[in-house]
Amino acid sequence: MYLPGFEPTPAFNSWRIYIWIALVSLAIIWLMLRLIQNRSELPLPLWAYLAYIVVPILILWVGFVTQPEPPLKANLPVLTGLNFRGGLRLTPEFAALLFGLVVYTGAFIAEVVRAGIQAVSRGQVEAARSLGFTGAQALHLIIFPQALRVIIPPLTSQYLNLAKNSSLAIAIGYPDLFSIAGTVINQTGATIEVIVIIMLSYLSMSLFTSLLMNIYNSRMRLVER
Amino acid sequence: MTAIEMQPPRLILGPVAWLRKNLFSTWYNVLLTFLALGLLYTLLRPAVQWSLTEARWGVISANLTLFMVGQYPRDQLWRVWLSIYLLGALLGLSWGIWKHAARGFALIALGAGLAFAVIGLLLNSNVWINWLLSVGILLGFYALGRILPARGRSILTLAWLLYFPLVILLIAGSRFIPFLSPVPTNIWGGLLLTLMITIIANVVSLPLGILLALGRRSKLPVVRYFSIGYIELMRGVPLVTVLFMAYLLVPLFLPLGVRPPDAVIRAIVGFILFEAAYQAENVRGGLQAVGRGQYEAAQALGLSGPLTMSFIILPQALRAVIPAIFNSFISLFKDTSLVAIIGLFDILRIGRSVLAQSEWLGTHREVFLFAFFIYWGFNMAFTYGSRRMEEAMGVGRR
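Chains A and B supply the protein sequences, listed in that same order.
Quick note on the numbering used here: the first sequence kicks off at 1 and runs consecutively.
Quick note on the numbering used here: the second sequence kicks off at 226 and runs consecutively.
Please keep in mind that the hints were generated in silico from the structure rather than gathered at the bench.
Just to be clear, a hint being listed does not mean it is correct.
Not close to chain B: a few residues of chain A, all C-beta gaps over 12 angstroms, as computed [stated by the list, open to error]:
1) Ala95
2) Leu97
3) Val120
4) Ser167
Straight-line Cα separation of at most 16 angstroms, EDC-like style, residue types lysine to aspartate or glutamate; simulated pairs [said to hold, decoys possible]:
5) A:Lys164 to B:Glu615
6) A:Lys164 to B:Asp487
7) A:Lys73 to A:Glu7
8) A:Lys164 to A:Asp176
Glycine included, each C-beta is placed from N, C-alpha and C at the ideal position.
All chains, please: the whole structure from these sequences, using the hints.
Structure follows, in structure tokens:
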């Protein structure tokens, strides 16, 4: 399967400086808005958030004025000879793996999220509705922050499962870590070492995921006296 | 004055009204309904046609016993049937005594038994008599349960608790009972092996997981760091490697002359250790949802630590995470197919060896469809159980 993609032009290097400036300015805007919001009681007016859009566009506009060439150009797949050239190539194995894992893990995560939402007591929804929250606001501001406490630990498990299930790619002939390791074992005979390398790489990936999720979890914890 | 509590009247729709409300309410819903019907028709028609005309279902009927119990000795099959009859009797009795709470399960079992009897008849297998007999036993014990006095309740709970050890004893046998000759676990196979691993591993790993979750939230540093380390390590490595460890390395670590336990037992221990880490994280999610006020209220009422945990905190925590716990149950049930790589014959591996018989070459679709329906059917029953449990505990309504 072929999809249109982008590729950098020779002018990309000289564009890099503008992209960095734009990113830094976004960070500065975020900090400033936070400072202003911390001082005032009222929420910021909506137009203040326009800064997020206006400032980067201004910087990029300066870039367009000084640089004649754009940084990226579209790379469309073109039929030349017997096959397509250019574009992003999506192999059927990769597409099948991606689709299968997304659909499969999605079903498990759906159950985890349902458990979290149902664990929030009914009175919370009713209180939110009687305070005049709309359904979406109640979900976003009242239900979800409470539900996340129940959701995060099992959700982490599902993410780890997802990473480990990707090794099933071997079943449809996609050369992932496991199948490469199989090849290495065949060629060198160093079974134990390769298995240790596999375990260490999965372990480091998993530990990193659960570290991030645990940090997130402690931020979402029930704040009590 | 006591308040009279009244349930809101329940609206029950007839089938025609249900159709009109849910499928044909607006013009675009009518359109979508017909589109979906057309899609289903185009997708399913070839499959149904194939399964009725071309498919060689003989591969299933010829190997049915193999699929169900593997190499379990054929003259000992009455033990497996006896455990099914016992299950039927217990289900019937619970239906009679607990009425509504067990009705769904009993009806599912009844339907499944009848369906198996019909399938047995269609496949020219003589098991239909046994299935009809178990359905009869279920109905008979239902009638018995209706006329039994209310004192039967506590006996029934006890019977359910005794059922699983009894089944393990029946299937595995023992040297000390003359008519139950021991059956080594390495010739267990098929659906029997899959179900045994699933049930034992799930039943043992949940309490272990609860302990680990409590340990992770404990204030004692040694307990806490041990729990964190165990959980993160076990969740961090693939199940395959845990099974390999249990299979290859345990015999190496045992002292000389000590016979290592059977492969099935090692596999079950591997599953328990792996699953406990996952259940621990599920339970931790539930524990996080219980506010500190609950602990304080329990203390103010004079409850000790263990009493607070078992009567105040855990019931609320576990109730909140029923779907996540059943997620793990279902995952484990499906993961049992991995025991094939350590040389055990679960239902999928048996399917593959059946395909290697020369007379049944090229019947992949039949065999894997059969396995698909077996896994799907059992998972439907699991999900139904979890839904009933949620309803009984009022999840999402309180």
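These are the hints, each one checked on the structure:
no., hint, in the structure
1, Ala95, "20 angstroms, holds"
2, Leu97, "16 angstroms, holds"
3, Val120, "8 angstroms, violated"
4, Ser167, "6 angstroms, violated"
5, A:Lys164 to B:Glu615, "30 angstroms, violated"
6, A:Lys164 to B:Asp487, "27 angstroms, violated"
7, A:Lys73 to A:Glu7, "6 angstroms, holds"
8, A:Lys164 to A:Asp176, "11 angstroms, holds"
Violated hints for the displayed structure, listed by number in ascending order: 3, 4, 5, 6.
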